[in-house]
Every structure is written in C-alpha cells, then in structure tokens.
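Chains as they are written, first to last, in the working numbering: chain A, 8 to 270; chain B, 1389 to 1893.
Just so you know, these hints were derived from the structure itself, not from any lab.
Heads up, a few of these hints could be off.
Claimed, not checked - In the DSS-like style, the derived pairs of lysine-lysine whose C-alpha atoms are separated by at most 27 Å in a straight line are: (1) A/LYS182 <-> B/LYS1467; (2) A/LYS163 <-> B/LYS1496; (3) B/LYS1702 <-> B/LYS1793; (4) B/LYS1515 <-> A/LYS182.
Stated by the list, open to error - Rough simulated footprint, nothing fancy, chain B against chain A, three-plus residues with beta-carbon under 8 Å: (5) 149-162; (6) 239-246.
Keep in mind that this is a model prediction, so the values were computed, not measured.
By construction, the Cβ of each residue, glycine as well, lies at the ideal position given by its N, Cα and C atoms.
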Amino acid sequence: MKFKRKYLSIPYVLFMVLFVVVPILFIVYYAFTNKGGQFSFTNFVKFFSDSTNVNVLLISFVYAILNTIICLLIGYPIAMILANKKYNKSYVVVLLFIMPMWINFIIRTSATRDVLNWIGLSTGANSGITTMIGLVYNYLPFVILPLYSTMLKMDKSQIEASHDLGANSFQTFFKVIIPMTMPGIVSAATMVFMPTLSSYVISDILSEYNVVLFGSYIDLYFNQSDWNFGSFMALIMLMLIGISVFLTRKFSKDETGGRTSLW
Amino acid sequence: MAKENETILQLINVNKEFDGSVVVDNFNLDVKKGEFVTFLGPSGCGKTTTLRMIAGLEMPTSGQILLNGKDIAQLPPHKRPLNTVFQRYALFPHLDVYDNIAFGLKLKRIPYEYTDKNGNKKEKLRKYTREEIDAKISKALKIVDLEGFEMRDVATLSGGQQQRVAIARAIVNEPEILLLDEPLGALDLKMRKEMQLELKEMHKKLGITFIYVTHDQEEALTMSDRIVVIEDGIIQQIGTPMDIYNEPSNAFVADFIGESNIYVGTMIDKLKVHFLGANWDCIDDFPLNEKVDVVVRPEDIIIKKPNEGKVKAKIVNKIFKGIHFQFTAMVGNNEVLIQSTVDHPVGEEISLSIDPDLIQIMHREYTTNIYNDAYIDKNNNVVFAGATWEVDVCQLVEGSSLDEKGYLITKEGKKYDLSDLDVIATVEMKDIDISDNLEEGNITGKIIQMVWIGDHYQLVVRTEDEEDFVLETEYTWNELDTVSVIIKKENIKLKLKADLADYEI
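Here chain A stands alone, though its shape is the one from the complex (with noise of 0.2 Å):
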C-alpha cells in the first residue's frame, strides 16, 4: 500500500473523536434524557422554569463582563508600556507579568485569599470584591499578552502620520492605536471572557462559596451524581461560548480584514 499525507492525521482524528466529539455527544445524551435514560425535555424544563439557573448565568455573565473590562483597562496601557522601547529596555519586565502564569493556579489563589484576609479585606465579607480582585489578577496576563504582541507589531509612521494629519495624542490614541491593535483586543477579550463564565476554583476559594458562577453550578450538580441536568447546563455554555466565538470571529474579520488576532 501506498503511503499517502493524509494518513498522518489519523492519531489527530483518532484523538479528537475520543475526546472531543465523544464527549459532546455524551453530553448531548445526558443533556437530553431523565435518569432513567429515556429521552425527554425534563431538564430543559427544569432549567428555565427556576429563576435560580438563569440568575446564576446572569450573574456569571456579570462578573464575567466586568473582568473582561477591568483586565482590558488596567492590561492595555501595561501592554503599552511593555511593548514600548523606550521604557522597557529588556524582555525582564514582559516576563514578570507574564510568569504569574508559570505558578499552579490553586496555589496562587489560595496565597491570593491569605494575602487578601491579611490586609483586611475578608473573603467572607466582601466575597464579590475579593472574587473579582482574583480573576483580575488571575487573567490579566491573558489580556496583557496578545495586547503585547499586537503593539510590537504595529508600524510606529501610522502614529507619526496621525500626528502629522493634525490628531493631538488622545485623537491618535481613540481613532489610530485602538482601531489598530484592535486584534488584540479581541483576542484578550476572548482569553479573559469565555473561560471566566465556566471558572469555579478562584470564586470558590475567595468568595467562601458565597459567589456562585455558572462552572460552580455545573459542579456542584455533577457532585450530587445529576449528570443529566449538569450535563444539559454545559451544552447551555457551550453554546454560549460558540456564539461569542463565532461573534468575535466575525467582528475581528471586519476590522482587519483577515485572522491577524493570536485566537
């Protein structure tokens, strides 16, 4: 037999079939049947009907916003500065922020609500507060990294032609800079948004469970051996997480053209 190319994608089409599309059809099958395992809309119905699901999803996309928002504003201007020769000489800088990232996850939350109860700021008492310091600090570097590399890219004469067409430096920055690293931003976004809707660890451990996001809710019905309605609440954030997906696919096209974003 002849070698072909194609056979080289065997173990990737072997690999995604077994842990991707198998488990989306279990999902899909549990989504959609009662613990017997007849097929039935009990969860659909059972999902909608109470006012607590559907706030646990808004309140997920709340904090899942405002994290995106928080991170963009504090990570684009860092992102500037780094990505800018005249005040960042060497690579050192770019790697402190970035090597959070290097750090067990858990480990570094869990340091997060002792420094945090230390300084006086009790993870009981202002569990909204101390969830959102955690995923800020947590995603951060998510957001700092495409805006870093998008800015090392940018040409510096569209600036200097800006300036020449008559724009002070705050006309430059909203009508040249955005507009321009506007990839970037998409992508930071993406990083910071989608993964903060399914996050459960880092609202768990600092907000003492009194903040429950949507991969909370998801866990806790697993926990309880409810696979079905789990299962029916993650084909909901799937979904979700396929609209925003296709939503900021089409908007980063628009704006440049082509994928140039890093996602």
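Given chain A's structure and the hints, the job is docking chain B onto it.
Chain B only, in chain A's frame:
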C-alpha cells in the same frame, strides 16, 4: 497667489544630536514659496532627520525653524500646517481609502463668521460638513488619478496605488508645505519614473511648496527646482540641478551626482593643474602648489588617436549602455571612465583630451590619510589599506592598559576584547615613510603620482588593492617605482567607530 520669491520656510543653525552623536550639523536653508526643494544624500546622512524636524516628528537639539517668520521648532506636529508623505505609506489599515484621506479633514476646525442675536458679527470654529469633505476627497483622488477608489480597502491596493492614497491624504489638507520622505523608494523602476513626472506635474498644479527627500540622484535632478546635497549631516552644496551637476562644489558632490572621474591634482602654475601624469590647462584659479580634487565627467573626455591627445591611454573594458558606450581606460595606473557614442575595441591604444572648462577643480577635503574601514585584529594590530599595522590600542581609552592576555583594561577596571572592533585610522602625510627595500614595510605599492610642492615632494602610493597613501617626502623618487610603506606605531591615530560597550567581557 502669493508673491514670488517669498520665503516660506527658514532653517537657522539647526542641530540634531542622538545620544551625543551629531546627525544634523548647523543646517541653514531658506525655502521659497512654491519651490520644489530636494534633500539629496546617502542613507544616514541626516536628510530624513531634517525633514522630520520640519514635520515636528523630531525636535531639534538647537536652532530655529521659521515658517512664515514664526518659530515652529518646538511645536508638536499636529499644530503645524505641514503634511508628510511617508516612505512606507503609513496608511491606516483599519480605514478605507475615503476615511484615510478624510482623517485630517475630520479633525480640522475652520473659522466662520456668524451674526448673533444682537446683530454683531462673530467668529466661531466649525467642522467641515460631509458635503465639503466629499468634494475635497473626490478632488484629491482626481489629482492622484484614483477616481472611484473611495470605498476600497487599502490592503487591496498595489504599492503604487497606496502611495497615491498617501499623497492624496496629505494634499487634501492643503498644507503650506508638503514633505515627502523617499515616497517612491518602495516602487519598482518603471512605476517610480512615472510617479516622478506625476509628482512634478502635481507640484505645478497645486502650487504648494514641496520638500522632497531622496538618495536617488537622478530623481533629484529630474524633479527639483533646487537640490540640497547633504553628507554626514552637513550641507555640501545647494543649487539648481544644473549647478550641482556642472559645478559640484567638492569631490563628494561630484561623486554622488552622476558618474565622475576624481583625481588628486596639484596646481603647478596659474590655471594649470597636474593630474593623470600631465599638465592640463584649466579655468579655476587656485593657489600655486595647492593639492586639489579634480573632477572630470566621463562624457567630457574625448578619445583621440594616439599622439593627438594630451595623455596616452589604453582601453581595458567596454560596456554597451544603449545610447553610448562606457569605456574604462588606463592612464598609467589611473583608471579613467569615458563615455562615447563611437565604438572602440578593447585593447586599443588611444589618447585623451579634455576641454579646459570641463575640468572641475575643487578644494581637497583633507590632507591626512583617513581609513574609515579599519579594524583591530586579534593580536591588537590594526588592519587597513590591505595591510596589518602595529599600533598602540591603548589610545582608544585614556589611561587604559593591556593585560597579559591582550585584553584592554580601563582605569575603571572594565575589560574589553578588541578583536574585530571597527575603528577609523588616520595617519598624517608626513608620518608615512617609504622604502625601496620591499621587505621593510608592511605593504608595497606603486608611486602613481609625484608632485614637487615648494620644498618637498607629495607622493601618492597606490597598492594593488587600489588603496592610496598620500605622503610627503624630501627625497626624489620616480613615478611608477614600487616601494614599501612604513608607518611607525605611534603615528597611527585611532578613533572608535562602534560602541566599545559591545566588546566588554
């Protein structure tokens, strides 16, 4: 229309330093309204920096830049009524052609008069209306020949079209001066020639002042009203293209503009110059015995039958260039570039003559031997002019010494490995000795020129690699003698060319 000959821009003693090194040195220039001025020079000569200082993208270290008599040297770029066409277009990728061109217009505020309720006339600022912007953009696109391209994405345009958009984006703001930074550099030859003519046409039509930066001498000659030739941050010559070509003020300008033969000559009599082994009549008056640079354009040399011309020569090379032949002939050891429409075979013995008024004589730039591409080898010797010379490397850093391994140790205790360090070596003419014992010196060469200057001879010794040593001696030698060149260790002066910090160990 403004008065003719009105000065619009004045640069007065403008200096620019980057990290202590001078990039633009005491730049003085007046630009007249409606003029097409070109800054011409090799890359790194400071021409772009000067343009950027006019645009406001760099601030001069010192000096004044007057626009219509007002100093704008410290004004930020967005407050200057000038616009720039950038070398690599610098179009905004997130905007289409229309929005790219509209960028400046949308930011602009124009004064208008209105009558308030008390009947007083007052002035206010307003934005351009959509209709005004539309009209201006279609006019600009018409000028750059891109009608109907409004909605196109800039990424889909060719290099030439992008350049046109960049020009339209600049001229639509009706700047007082349009600055162009090598705008055609990225285009192919044919496109470039086309755009040259179009730019010239545009300049005529628009009537605004153009300041153009290029390293392409042909481009400068084709387009400009006046050319400013710059080298090492210093203006070498300012003049019309004809002036610059026909009357270059020094050897650099002559060499840079067009092809030229440049020789070291000596004034041996009033209106008589010695070069190429002969005495030539000339029309430039220089002091007797002064060393001069002689420039002769290849098209100004006339090929004659042997014995009919001034010097004998032999054709060694021939290139067909379309409208003419380009010959390389040897006169003794000197190469002569000649252009002629008449064909001659390689190897033919000929003689050359030059009209006195076509011999350009200019001040010689230096009287010291300067070797710009010298470097230190691993034995701490300096290499230049094709030979290795013993030298005192400790002169590079005051108070330094060499350790036993040959590393340079400074007073502060810093350690440098000097091997491969680039330096500039200079040797005074009087410090070079020659010997007819060919083993004695470091390199051998032929005496290609010997001129009696009052009380001594000035010799040019040329090595096989065409490196020259110019030296003074009291002794008589013969031209075409082969000699060896001796330079004492202490007479070679070194200057750092690179940053020594890169060599620290």
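Query - Violated hints - listed by number, lowest first - result: 3, 5, 6
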